[in-house]
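Student: The residues making up each chain are set out below.
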Amino acid sequence: MNLIAFSILLFIFSIIFQLFTGIWLFFEKYFLNPEHITEIIRGNEEKFLNPKSVLGILEIQVPHLVAISLTTFVILHFFYFTKINLFRVILSMAVFLAGILDILSNLLILKISPIFSYLKIFSFLIFEIGLFIAMVLIGFSSYKHLRKQSY
Amino acid sequence: MRFFVQHKKSQFINILVVLFSLSFYLFLFFSVWLKIESNQFFPSDLVIDIKGNSEEFIEPKEMVALIEQIHMELFLNLLAFLSLVGIMFRTLISHSLKILIVFFGFLATVLYPLSILGIKFISVYFGYVGFVSYIFLLFLYFIVNSINLISFLTGKVR
Chain E
1 MNLIAFSILL
11 FIFSIIFQLF
21 TGIWLFFEKY
31 FLNPEHITEI
41 IRGNEEKFLN
51 PKSVLGILEI
61 QVPHLVAISL
71 TTFVILHFFY
81 FTKINLFRVI
91 LSMAVFLAGI
101 LDILSNLLIL
111 KISPIFSYLK
121 IFSFLIFEIG
131 LFIAMVLIGF
141 SSYKHLRKQS
151 Y
Chain X
1 MRFFVQHKKS
11 QFINILVVLF
21 SLSFYLFLFF
31 SVWLKIESNQ
41 FFPSDLVIDI
51 KGNSEEFIEP
61 KEMVALIEQI
71 HMELFLNLLA
81 FLSLVGIMFR
91 TLISHSLKIL
101 IVFFGFLATV
111 LYPLSILGIK
121 FISVYFGYVG
131 FVSYIFLLFL
141 YFIVNSINLI
151 SFLTGKVR
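As given, the protein sequences belong to chains E and X, one line each in that order.
Under the working numbering, read the first sequence as residues 1 to 151, first letter to last.
Under the working numbering, read the second sequence as residues 1 to 158, first letter to last.
Don't read these hints as lab results, they were simulated from the structure.
Computed from a predicted structure; not experimentally measured.
The beta carbon of each residue, even a glycine, is placed where N, CA and C say it ideally should be.
Among the hints, a few may not be true.
The calculated SDA-like cross-link candidates involving lysine to any residue, where the alpha carbons are at most 25 Å apart (straight line), are [unchecked claim]:
hint: 1; chain 1: X; residue 1: LYS156; chain 2: X; residue 2: ILE13
hint: 2; chain 1: E; residue 1: LYS144; chain 2: X; residue 2: PHE20
hint: 3; chain 1: E; residue 1: LYS29; chain 2: X; residue 2: LYS156
hint: 4; chain 1: X; residue 1: LYS98; chain 2: E; residue 2: LYS29
hint: 5; chain 1: E; residue 1: LYS83; chain 2: E; residue 2: ILE126
hint: 6; chain 1: X; residue 1: LYS98; chain 2: X; residue 2: PHE42
Here chain E is said to cover these stretches of chain X; the calculated rule only asks that three of the stretch's residues, wherever they fall, bring their Cβ under 8 Å from a Cβ of chain E [to be verified]:
hint: 7; stretch: 62-71
hint: 8; stretch: 74-88
A short list of chain E residues far from chain X (calculated; beta carbon distances all over 10 Å) [as the list claims (entries may be wrong)]:
hint: 9; residue: LEU10
hint: 10; residue: THR21
hint: 11; residue: GLU28
hint: 12; residue: ASN33
hint: 13; residue: LEU49
hint: 14; residue: ASN50
hint: 15; residue: ALA67
hint: 16; residue: ILE90
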């Protein structure tokens, strides 16, 4: 059995679980609702919600920048071992860009405009769906590789 | 000249792996300490931390906090395990043992957060599953880290 292909396959399964917890967390916090996202970040006097501080946002943003870039890089670099086409290149770029925009959008909502809550939802969806598609493609390639070797 | 440079390179990698392995022992030690300090190590503590205890006026953990914990621990453990097995692939232990380590390592990495969800949504008995899978995870990390350290110290690597 090919050790690398087997490890990639298990890693992809585990990361899908990680992706699932990320989606769950987003729904628990923001409900995919732009008004609710704005309330959470900019606060709401009527509901006695305090606005987030820049420090609070940076404390979440900085480790996420490392974690998301690293995870995305680790997953997408497996494309290198498969047939790379234009779709995969565009998918990789979209996932990276969406991941970074999703993180930055909190600060943009707080400091510039609540309109960026739409950017947050859009980039979050692109990031999660794009990463899932990438993982399915990589997982399928690894599975094909394992099957080919077992015959 | 080439031999000299390559030799120097491999020595450098050896030093890096040894330093990484030693710091990984520290990570394991402090992880256990952190779990004990935050009352999340033993099965009964884990259950109380998640479900709360009305007699001791302990509130159950909020859903957001619970998912955040799973999200972060899973990421950290996956990255740690991936780094460990990435080094282990270069050691000379048998191929089948490597396959077993990879399989059970990923299984334990995913089983621990799943058991936390099990406590919350299914039964408090998942506290035991969580405890056993966490101990198994630590044991596996310790074994793989030791294999890496010994292999690179004795030069038994590819």
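Student: Does each hint hold? Answer for all of them.
Tutor: Against the structure, the hints come out as follows:
no.: 1; hint: X:LYS156 to X:ILE13; in the structure: holds, 13 Å
no.: 2; hint: E:LYS144 to X:PHE20; in the structure: violated, 34 Å
no.: 3; hint: E:LYS29 to X:LYS156; in the structure: violated, 50 Å
no.: 4; hint: X:LYS98 to E:LYS29; in the structure: violated, 40 Å
no.: 5; hint: E:LYS83 to E:ILE126; in the structure: holds, 23 Å
no.: 6; hint: X:LYS98 to X:PHE42; in the structure: violated, 30 Å
no.: 7; hint: 62-71; in the structure: holds (count 6)
no.: 8; hint: 74-88; in the structure: holds (count 6)
no.: 9; hint: LEU10; in the structure: violated, 4 Å
no.: 10; hint: THR21; in the structure: violated, 4 Å
no.: 11; hint: GLU28; in the structure: violated, 5 Å
no.: 12; hint: ASN33; in the structure: holds, 16 Å
no.: 13; hint: LEU49; in the structure: holds, 15 Å
no.: 14; hint: ASN50; in the structure: holds, 16 Å
no.: 15; hint: ALA67; in the structure: violated, 6 Å
no.: 16; hint: ILE90; in the structure: holds, 26 Å
Checked against the numbered hints listed earlier, the structure breaks hints 2, 3, 4, 6, 9, 10, 11 and 15; every other hint is satisfied.
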